[in-house]
Amino acid sequence: MDKPFAITLDVGSSLANKTGSWRTSRPVYLDRLPPCNHACPAGENIQNWLFHAEGGHYEAAWRALTADNPLPGVMGRVCYHPCEGACNRGQLDEPVGINSVERFLGDEALRRGWKFEPPARETGKRVLVVGAGPSGLVAAYHLRRFGHTVKIVEAGPFAGGMMRFGIPKYRLPREVLDGEIQRILDLGIELQLDTKVADIREAMAAGGFDAAFLAVGAHIAKRAFIPAGSAARMLDAVSVLRSMEGEDKPMLGRRVVVYGGGNTALDVARTAKRLGASEAIIVYRRTREKMPAHDFEVEEALQEGILIKWLSTIKNMADGGTLTVEKMALDDKGFPQPTGEIETLEADSLVMALGQDVDLSLLEGVPGLEIKDGVVQVGTNMMTGYPGVFAGGDMVPSERTVTVAAGHGKKAARHIDGWLSGNAWVPPQKHEIATFGNLNTWYYSDAPKTVRPLLDIMRRKSTFEEVVSGLDEKNALFEARRCLSCGNCFECDNCYGVCPDNAVIKLGPGNRFEFNYDYCKGCGICVSECPCGAIKMVPETI
Amino acid sequence: MELQTVKFYQTGTFTVGNRLLAEDERSVQANTERTNSLNSGHRACQGCGEALGARYAIDAAMRATNNQIIAVNATGCLEVFSTPYPETSWQIPWIHSLFGNAAAVASGVVAAMRVTGKTDIRVIAQGGDGGTTDIGFGCLSGMFERNDDVLYLCYDNEAYMNTGVQRSSATPPAARTATTPAIGPDPGNVAGTGKNVPLIAMAHNIPYVATASVANLRDLEFKVTKAMGIHGARYIHIHVPCPLGWGSAPADTIRIARLAVESGLFPLFEAEHGEVTGRTPIRQRVPVDEYLKLQKRFAHLFGKEPDTARIAQVQATADRNIARFGLLGD
Amino acid sequence: MRKQIEGSRAVAEAIALSRPQVICAYPITPQTHIVEGLGEMVKAGELTNCEFINVESEFAALSVAIGASAAGARAYTATSSQGLLFMAEAVYNAAGLGLPIVMTIGNRAIGAPINIWNDHSDSMSMRDAGWIQLFAETNQEALDLHIQAFRLAEELSLPVMVCMDGFILTHAYERVDVPSQEQVDAYLPPYEPRQVLDTGNPVSIGAMVGPEAFMEVRYLAHHKQLRALQLIPQLSALYKQQFGRDSGGLIRSYRTEGAETIVVSLGSVNGTVQEVIDDMRDAGTAIGSVGICSFRPFPLAALRDVLQHAKRVVVLEKCFAVGLGGIVSDGVRNSLSGIQLKGYTVVAGLGGRSITKASLRQLFEDAGADELEQMTFLDLNADVVSHELERETHTRRTGPTAEAILRRLGTVGSQVG
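In order, the protein sequence lines correspond to chains L, Y and A. Using our numbering, you'd call the opening residue of the first sequence number 1 and step up by one each time. Using our numbering, you'd call the opening residue of the second sequence number 543 and step up by one each time. Using our numbering, you'd call the opening residue of the third sequence number 873 and step up by one each time.
Isolated chain L (complex conformation):
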């Protein structure tokens, strides 16, 4: 077309005008650290495995999850999910039910028989793992995946440690535990049961091990001195829970008093109720707010009819089971102080749930070790003072939970691998945390958390079926999709859509986006409108 000069213009001609030169600051894509990942003691990349789950790609999600933690079925039941406490969505409505999705993935993996990929190569290095609890199993798993030859030596008759002997069946069905342990062992890990390592150096030398990871659980119950008559029945919580695994169930009687305020106390009280006790009373010297047990477990226990006497200490236990209890009052610093006010309680048995210690005898005589407050001191690389001997779980100073133990196992495995190869493992720089303020939550729909249906209360009290049933696939998908993907692009296309200058290039599924700085004027709308805070502005350097 012979177009009139200047008045009529050809399409596409504006591309000659590179408006990027207007810019004083530029948007850049980044990955921020989601608070759930940051809070996870096991170092799971939660946002990432939820991302796969959101698409219904459960196996991919499970593989992403188990890249860090091989026990999702266990975690989904017993983890106290600090991730959910940190979840930004909690500031919007309710946290994402990460734990329940994890459990769904764990169960789905067991149901479908998904297996771990065997190691790609063998290093020829040998690592001894002492203790088949969560920390030892997780360490063994990672070490095996690195290609090392791993042997686990366990003092008890079964693998699982506290997962088996400290957590009641109603919270962790044994087929789940057994399934996940077996899958780890299927990687080609040798497990030797009923063998107590008496001397670690000797055991390493005898087996030709290049390194060892010690993960002995805290199985020794702490004691408190309570004057008691000779006929008084006093037990400790660890043995009560352990004996639940055997043929002979513990004899607790009809009226059971549990002394302590941790999760173990609750486990015992709830177990007693299930064993037929008509009355299960927890005596705790402080208030509910101060109780170390998780509140949701307290709530479930109260619903089951467990009674709790707050601000009370047990003074003595007379023959015939009469307990003398003194009322306490918090002082201005929040510590319980005796009031002199006394009452009595009738009990057939008193179960002490006052904490546990670790048997550290295997370390006797090992030079360079430092033991303090009943635990082994380790460096940031989880190595003890003796080169090649690493430790984790209950043995080292830390919170004693399955998840923390699993985290130790993973972290130790990485350091052991680094130590074995001669290249110390350096943890990658952590990204800045994705805060709630980084998000633009308008773009997320509002939906309540899928509340996991509770089993009928009566049924729960009398059996050891699981208290909390899992999500079905529909609910799991729903729950996963509530994830805000904090700090990590989930390809919502907002930046691509909201740029007034079409200066965002969409790279296709899985490949995210890039900026076309030829045209980006640096307005920053993409940053404001990114739902998940995966873009930030940086000053333009001229």
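Note that these hints are calculated values from the structure, not bench results. Here a beta-carbon is modelled for each residue, glycine too, at the ideal position from N, C-alpha and C. A couple of the hints might just be wrong.
[What the hints assert, rightly or not] Incomplete in silico selection of chain Y near chain A, CB under 7 angstroms:
#1 TYR627
#2 TRP632
#3 ILE634
#4 HIS638
#5 ASN643
#6 VAL651
#7 ALA654
#8 GLY659
#9 ILE663
Starting from the structure of chain L, add chains Y and A where the hints point.
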């Protein structure tokens, strides 16, 4: 109105795209094959709401018509920043004639299409609020009244921005403009003035009238797509913040548009043949202060002593809209 | 086919024969009958493939035509007087965009005072808008010019105004020869736009052009008009060849051989002028006349050819530039640059004032004797003027001049022919 039957909680219904949706359920803007009717290299200010709104609307219309769109543009920012010789940003057949005649020129284009048998080619007229509610109002009303097969898009940034931010009949009460300065006993634009062109459009009994916002792309695309499925005169009034004229941060353009909607100051509704048939409920209601405070044109309301009386007036307007259009949903 | 019809009807039939595709109608006296006629033809199904659009203003009328033309349709509208002013912005725009719209101007005075009668002020107000302006002398020529106008417009991609005197031509019943559709089709090919809004080949029409190219754009507009100076006579000649009639062209000379005095004028008044010239030639006066058909482009060379051997030129114009003088005279003077020739500007017929043969004869005789002032107003009522001027010198609140004059005159009819 039902935009999407399935709720996707992570990505929501409100983001541009959604990797979990089927390709044909995503927004036009999510698609790499979108027309980019208004191409890169245009000279709109940083964070221009009008540039965004125009691309949103025209791209949606292009998809709805299998790319058979001719656009007529009134004089104004959109025209000036998109077609300075020797560069045009338009990827579609486009004509600019005058400030006040876009609707009439569009009527002419439609007549030409009809008489030459090209009725598959659809015509859009577009202009700013000045070119629509003021100087182009006569031609607009004429086009409506004849029920010409034109979709008129008004990109409302609430003043004459191209000429340097002067008041138009779409300027809201209390807003500072170059011709309603924030001085004297009654600073900013006078309360109780201005006109509501969507309602006036409805009074013409034309088949379709809607309001839309750059803050709600899915809603906007839904309305443009719906409009392209209808023949006769149609009008969509799109709220497009102007960082320059409103004294707001360029990054806040969509945020401010969203607050206008969520406060009730800019109600999103649809009307067919003169009757309101749909409204887009407010999702998270906010007081008008949150909207006003982000804009320097309202800064005089938040001086040492907040002008609570005038803020209350603005809030009353929002409340009235909410009640009138039932914006709080069920 | 010969028909005894009103001028407006003749134009309507010419338009219809030109196969317009979009017609925009807005009423204003005295052009209204044209669009009424066309509307009737469309409604009756006599004129098919044509959109007849009733618009809300002249501004919209031309704007709709702009859109239609840019989208590839042959577009037409008509207006007069205030209507032309109301669409002024669009008038410039249509020319600037190079859109071949044809528009009839039923020439009429511009208010205030409001006046519906004929003069050329309206067309002249748009003389620099970039349109081609053709002035018809008779209804037959008006008819013919419209057919030529479409071809001219479309060949050049420029809009064309065909100007015809309001009432004098628009409302006059005369015998005209209306050509057949076949004849018109043979002369006027279908519209083939130079630029068009096309989804298959998108362009942006109507860019903003800054200082770097605006001068060139304007020069090119001028250059198009210069090309029209060649094309208008060619199309006129072709028209004559196909229709057997002299119509259009740049100028039309009448008895200018050896003329010492040549009268230059536009439009229907030429007929009267020619009658007076016949009388004066009979009486031995060496006088002739030139009718300018193409006012834009202004035929400088053609006029110079005709005028250069005369002794004086009298420009009789139905318009004037207030505060300066003749508008047509300006162009005529321009054409005579370097030639010593007496020039007289005569403003006549404003607001429908009759131009009588007697007045003209007296005027031409005075001119021939060089007893004419350089600028005169034909048949100006000096008494009224001086009375009003006198009144204004001693009364502050004189009230509206027009009403005062009417009061003094008593009757209107006696002053209008």
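Quick rundown of the hints versus the structure:
1. TYR627: Holds: closest Cβ of chain A sits about 4 angstroms from TYR627/Y, inside 7 angstroms.
2. TRP632: 5 angstroms, holds
3. ILE634: OK, holds: ILE634/Y within 7 angstroms of chain A, min 5 angstroms.
4. HIS638: Hint on HIS638/Y: holds, closest Cβ of chain A at ~3 angstroms, below 7 angstroms.
5. ASN643: 4 angstroms, holds
6. VAL651: With a minimum Cβ separation of about 4 angstroms from chain A (threshold 7 angstroms), the hint on VAL651/Y holds.
7. ALA654: 4 angstroms, holds
8. GLY659: 9 angstroms, violated
9. ILE663: 6 angstroms, holds
Checked against the numbered hints above, the structure violates only hint 8.
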